[in-house]
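Trainee: Once you've looked at the hints, dock chain R against the given chain B.
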Amino acid sequence: ETGVTQTPRHLVMGMTNKKSLKCEQHLGHNAMYWYKQSAKKPLELMFVYSLEERVENNSVPSRFSPECPNSSHLFLHLHTLQPEDSALYLCASSQGTGGIYEQYFGPGTRLTVT
Amino acid sequence: KQEVTQIPAALSVPEGENLVLNCSFTDSAIYNLQWFRQDPGKGLTSLLLIQSSQREQTSGRLNASLDKSSGRSTLYIAASQPGDSATYLCAVKPGGTSYGKLTFGQGTILTVHP
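Line order of the protein sequences matches chains B and R.
So in this note's numbering, spot 114 of the first sequence is number 114, and the numbers just go up one at a time.
So in this note's numbering, spot 27 of the second sequence is number 27, and the numbers just go up one at a time.
Extracted from the complex, chain B is given alone in its bound form (with noise of 0.2 Å):
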């Protein structure tokens, strides 16, 4: 068990739903993230969070919202998805952003938009 937990593993949504993604880390760290894993496509970056403030917005589009109540949970705010969007969406943790801080990862969610 890696310490990051995500929820739900698998959700199905219509393009007019709104759902929300989950992370939660139980290891201590100061900063989180997401990534998105699309079938034959390298994982990307989408968001990072350093004690709760967002650092990093690598273009994500808008129909992406994250949020970062606290330094252990990180949420991804789902509206208007588009197909081209089902992937696997990774949340992972890390005691801070610098060079020598190993990144912890969760299981991810694997979103289908219909």
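If you're looking for bench data, these hints aren't it; they were derived computationally from the structure.
Computed from a predicted structure; not experimentally measured.
Among these hints, one or two may not hold up.
[As the list claims (entries may be wrong)] Calculated cross-link-like contacts (lysine-lysine; reagent style DSSO-like; alpha-carbon spacing at most 30 Å): (1) K101/R / K22/B; (2) K42/R / K41/B; (3) K1/R / K42/R; (4) K18/B / K101/R; (5) K41/B / K18/B; (6) K36/B / K19/B; (7) K42/R / K36/B.
[Said to hold, decoys possible] Stretch-level coverage of chain R by chain B, calculated; a stretch enters the list once three of its residues show a Cβ under 8 Å from a Cβ in chain B: (8) 17–24; (9) 27–41; (10) 89–95; (11) 101–108.
Think of the CB as a built atom: it goes at the ideal place given N, C-alpha and C, for glycine as much as any other residue.
Mentor: Leaving out everything else, chain R in the frame of chain B:
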């Protein structure tokens, strides 16, 4: 823009073989390089992390080397076992203020036959 390439894309070997996975990156100004393992439907597990000042790291049957100047890393797996079957991902972290941004390769899918 940093690009990471992994070769081969897939590899199938009989149990007991020693094997090498390759990773190359275009920008040598990295802080560190990390090898991950991903099992189907699951998140990433960190295997080895090599700082830019290091040449190699070892953990059990795994050995990772780094040649920063040529933009290459290799992951050597000794005496492969069926339990080693997974996707292996290479990721680099840039130097400077990168806020933990990892750039991933597409991975090598490894299958070890009994």
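Trainee: Now tell me, hint by hint, if it's right for this structure.
Mentor: Hints, one by one, checked against the model:
1. K101/R / K22/B: The given pair, whose Cα atoms are some 21 Å apart, holds under the 30 Å limit.
2. K42/R / K41/B: Holds. K42/R to K41/B sits at ~17 Å (cutoff 30 Å).
3. K1/R / K42/R: 28 Å, holds
4. K18/B / K101/R: Roughly 28 Å separates the two Cα atoms, so the pair holds.
5. K41/B / K18/B: With a Cα-Cα distance of about 25 Å, the restraint between K41/B and K18/B holds, given a limit of 30 Å.
6. K36/B / K19/B: 16 Å, holds
7. K42/R / K36/B: 13 Å, holds
8. 17–24: This one is violated; 0 residues, fewer than the three required, reach chain B with a Cβ under 8 Å.
9. 27–41: Answer holds; 5 residues pass the 8 Å Cβ test.
10. 89–95: holds (count 4)
11. 101–108: Result for this restraint: holds, n = 7.
Checked against the numbered hints given earlier, the structure breaks only hint 8 and satisfies all the rest.
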